[in-house]
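*Asks:* Got chain A; can you put chain B on it based on the hints?
From first to last, the protein sequence lines are chains A and B.
Residue 135, in our numbering, is where the first sequence stops; the numbers in between run on with no holes.
Residue 135, in our numbering, is where the second sequence stops; the numbers in between run on with no holes.
Fair warning: there could be bad hints in the mix.
No distinction is drawn between identical chains; accordingly, a pair holds when it is met within one copy or between any pair of copies.
[As the list claims (entries may be wrong)] Result set (BS3-like, lysine-lysine): computed pairs, CA atoms no more than 30 Å apart in a straight line: (1) K8 / K23; (2) K8 / K54; (3) K38 / K8.
Derived by calculation from the structure, the hints in this document are not laboratory data.
2 protein chains.
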Amino acid sequence: MKGLGDHLIVEFYGCNKEVINNEVLIENILIKAAKVAKATIIDYKFHKFSPHGVSGAIIIAESHFTIHTWPEYGYCAVDIFTCGDLINSSIALNIIKEGIEADYMSAIKMVRGLIDLPDDQIRHKPEGS
Amino acid sequence: MKGLGDHLIVEFYGCNKEVINNEVLIENILIKAAKVAKATIIDYKFHKFSPHGVSGAIIIAESHFTIHTWPEYGYCAVDIFTCGDLINSSIALNIIKEGIEADYMSAIKMVRGLIDLPDDQIRHKPEGS
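The shape of chain A in the complex, shown without the other chains (with noise of 0.2 Å):
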């Protein structure tokens, strides 16, 4: 049995509070790490919190990439959820723990949509819009 999605939950902690409160800096982070790893980038959008804390949502082509901030706590929440295998999820994380200097990363990967199907009946979204 194969999944239809692959979802990476990831915790970054010890990261850079300055750069995690920076919506500009998050957002070329998480850009750059979808386009590495090779995502379709659909639109996106980031939010700066008051008085801290930045939140952004990536829709890729392949599903998407959040992050959420609490710069009070050097602590950063990120999904990457895929579809299909021309995304590099491992190279789009390392991006980020780098980008946003992380000391502590861990991750689950969760497989999204069991279907009892077998692999070459799997379709996946097109890489287009």
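*Replies:* Frame of chain A; chain B shown alone:
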């Protein structure tokens, strides 16, 4: 120990294939779910794929809602990531389940951002922007 966010990871099977292939309906259902759950919507984006499937993300002051649909399998992946104690995720889930006419639903709740501080020192993102 308490976490900074609650993350509901939800699988819907046996959905109405026409509904989950309709971008407008999916957007309306998710927006309604977020509003009824008392989430503060910051921005959102939904996208219809060709030949089928819809993806969407709502950034809320309290984190995010996302959805990805596979009409060909009657399957939807939904994530509801919230912080603070004000959001009623259960009511949001029920609105989505009814809207997409899902036969089956499974949900896992993860605590994100486990922080070793007493409860009263954990601050949540403000409700506004």
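*Asks:* Have a look at K38 and K8 and pick one of within, between, both or neither, based on CA distance no larger than 30 Å.
*Replies:* Only inside one copy: K38 and K8 sit 29 Å apart there, 32 Å across copies, limit 30 Å.
*Asks:* Go through the copies and call it for K8 and K23: within, between, both or neither, with a Cα cutoff of 30 Å.
*Replies:* between (39 Å within a copy, 21 Å between copies)
*Asks:* 30 Å Cα cut-off: does K8 pair with K54 within a copy, between copies, both or neither?
*Replies:* between (38 Å within a copy, 24 Å between copies)
The structure shown violates none of the earlier numbered hints.
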